[in-house]
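Student: Mind docking chain B on chain A? Use the hints.
Those protein sequences? They're chains A and B, same order as listed. Each number in our numbering comes from the position in the first sequence (counting from 1) with 13 added on. Each number in our numbering comes from the position in the second sequence (counting from 1) with 13 added on.
Some clues are possibly wrong.
The list makes no distinction among identical chains, and a pair is therefore deemed to hold if it is satisfied within one copy or across any two copies.
Under the rule of at most 25 Å between Cα atoms (straight-line distance), these lysine-lysine pairs were calculated in the DSS-like manner [claimed, not checked]:
id: 1; residue 1: K154; residue 2: K197
id: 2; residue 1: K125; residue 2: K154
id: 3; residue 1: K154; residue 2: K191
id: 4; residue 1: K331; residue 2: K96
id: 5; residue 1: K246; residue 2: K122
id: 6; residue 1: K246; residue 2: K75
id: 7; residue 1: K75; residue 2: K201
id: 8; residue 1: K154; residue 2: K201
id: 9; residue 1: K246; residue 2: K191
id: 10; residue 1: K75; residue 2: K191
id: 11; residue 1: K197; residue 2: K75
id: 12; residue 1: K191; residue 2: K122
id: 13; residue 1: K125; residue 2: K329
id: 14; residue 1: K191; residue 2: K83
id: 15; residue 1: K246; residue 2: K331
id: 16; residue 1: K260; residue 2: K201
id: 17; residue 1: K154; residue 2: K96
Quick caveat, the hints were computed from the structure, so don't treat them as lab data.
There are 2 protein chains.
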Amino acid sequence: MGTDNRPHPDVAGGVMAAREWGDDIIFTGDRAIIQAALQRHDTAGLNIHVVHAEQQIAMDEKPSSIVRGKPQSSIHVGMELVKIGEADAFISAGNTGATLAVAILSKLKRLKGVQRPALGTTFPFPGLPLSIDNGANADCKAEYLAQFGIIGSAYMQCVRGIANPTVGIISNGEEEGKGNILVKEATKLLAAAPINFVGNIEPSDFIAGAANVGVTDGFTGNIMLKTAEATAKMIVDAVVRNVESSKRMTTGMQIIRPAIAAVERDLSADTFGGAPLLGVNGVVIVCHGGSSPMAIKNSVQMARLAVENDVVGAIKAKIS
Amino acid sequence: MGTDNRPHPDVAGGVMAAREWGDDIIFTGDRAIIQAALQRHDTAGLNIHVVHAEQQIAMDEKPSSIVRGKPQSSIHVGMELVKIGEADAFISAGNTGATLAVAILSKLKRLKGVQRPALGTTFPFPGLPLSIDNGANADCKAEYLAQFGIIGSAYMQCVRGIANPTVGIISNGEEEGKGNILVKEATKLLAAAPINFVGNIEPSDFIAGAANVGVTDGFTGNIMLKTAEATAKMIVDAVVRNVESSKRMTTGMQIIRPAIAAVERDLSADTFGGAPLLGVNGVVIVCHGGSSPMAIKNSVQMARLAVENDVVGAIKAKIS
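Excised from the complex, chain A in its bound form (with noise of 0.2 Å):
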């Protein structure tokens, strides 16, 4: 019940999933809208499930009213499936806030030793970059820096299977020396944590994949990351309307049309689902609410991903 066009993509994506890997999906939401959104798939031999929940979220509601005020939204009831081990994973293209505020104070909880869960996302530039945290956390303190970088470098570990990965710091400037206060003392702390820790980088250095991981508050990396979209879109956008004010570069547009729409494909949030909440007792993935049942059923895999190698316990070992 997430998507802004829920049920539906929702439910295609986990359909997919649970057919090409065999995936056992539950969803969770009303049960007769979600079970009519079912009619229009061919669910036959798939292992799907619904779990009926009331309430419903809007996407303006307060997340400190939700946590409460609404013990049977969807993601209440999903979360619980967690917690009780009933699910291995939830994912939600629902309202971020809530969702996070459900698992860290109400279902799942912080692990021991986690200040601050933080959201990690996948850059699409070469290398697919980590970059955390994406807007968990829009005030941070040293200390919570120098955990993501090593809450990152466990998931870039375990999900990604890079030995050892390389950590660096978002920066104004790749000389030691450089950054807000924030970065300065993170720095050191960094320095001295059980991770490859690499220094400042430029978002320079991050898209050209410097480092495996980019360590950032919350408020900083969410400007980062829409600030590539809303680049990467303009930047397409731009190419395309000045082909068009000329017939012979049309032409041109539509032979090299298959070059941008695989630039487009790369860079789409569709080719790496959402984005895990990492830090809490349980596996998490925040989805955009535009989110395609491509990006949903890729969520799966990386929520499969993530469980399959045991992120959380991962994390856990890490941070203690």
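Tutor: Chain B only, in chain A's frame:
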């Protein structure tokens, strides 16, 4: 003596401005080196002068040690000319930190009432919005951000002729209440300031032209700028790389090459010149070390517009 390829782009750009617009150009730096570079150009009839500066500043020197330690650097000498009224503006593609430090701490000083001078950057997006600060102040108080809004608004009125510029604050969500603590506090002050404040804007809004001015701290602004530049380059490179993997598409690419070149040109710092340092008692433009002659030339135009429209007087009046 500022660019990475000093003094050639600096000299070539200055000569172009003198020829095209009749500007009176003074080069500061090693007289012999500059005059040798000038030999490559036809300067007959142009208003071009050289003022010798004995010392040079390396890119890795600390700004703090330069201010007092290199009083005869080309930055000091050029800024002194502005201070004593022998020059109307100073442009440098050298060490940014040194340029800011010499301007703020030594030669020009802050305008009365200005808490922190800031770098304004024109983003090459629809409507050419100005982001302020972009790197002069990595750590900011809310009061600084409120002044950035007033200063940026005055700049857009004076130099760009926008009667009542819209001013937003860069945030991680457009809804009221989004943002980190700094943004939330600055929002209150900006709402009470004598400007046309439109509230929170996300990077995508800023890129789409939702406000003429985007207020931000210097760390976030710098990350946003560098992310946009790196992403733009990455997208263009990815399209070209995908195209080159196919002979048929290479033909298409030749046809639409002008459209991609137009986008690259529109996005280029060349088109806009450098970033004005706003809030000091004089006109100072800071350019990339990698500036081309065109970027230097266009910075001269930017400086002339700032002088002719008395940006310094306008900022002084607004802040008082």
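Student: May I ask which of the numbered hints given earlier this structure violates, with the numbers listed in increasing order?
Tutor: Result: hints 5, 6, 15, 16, 17 break, sorted rising.
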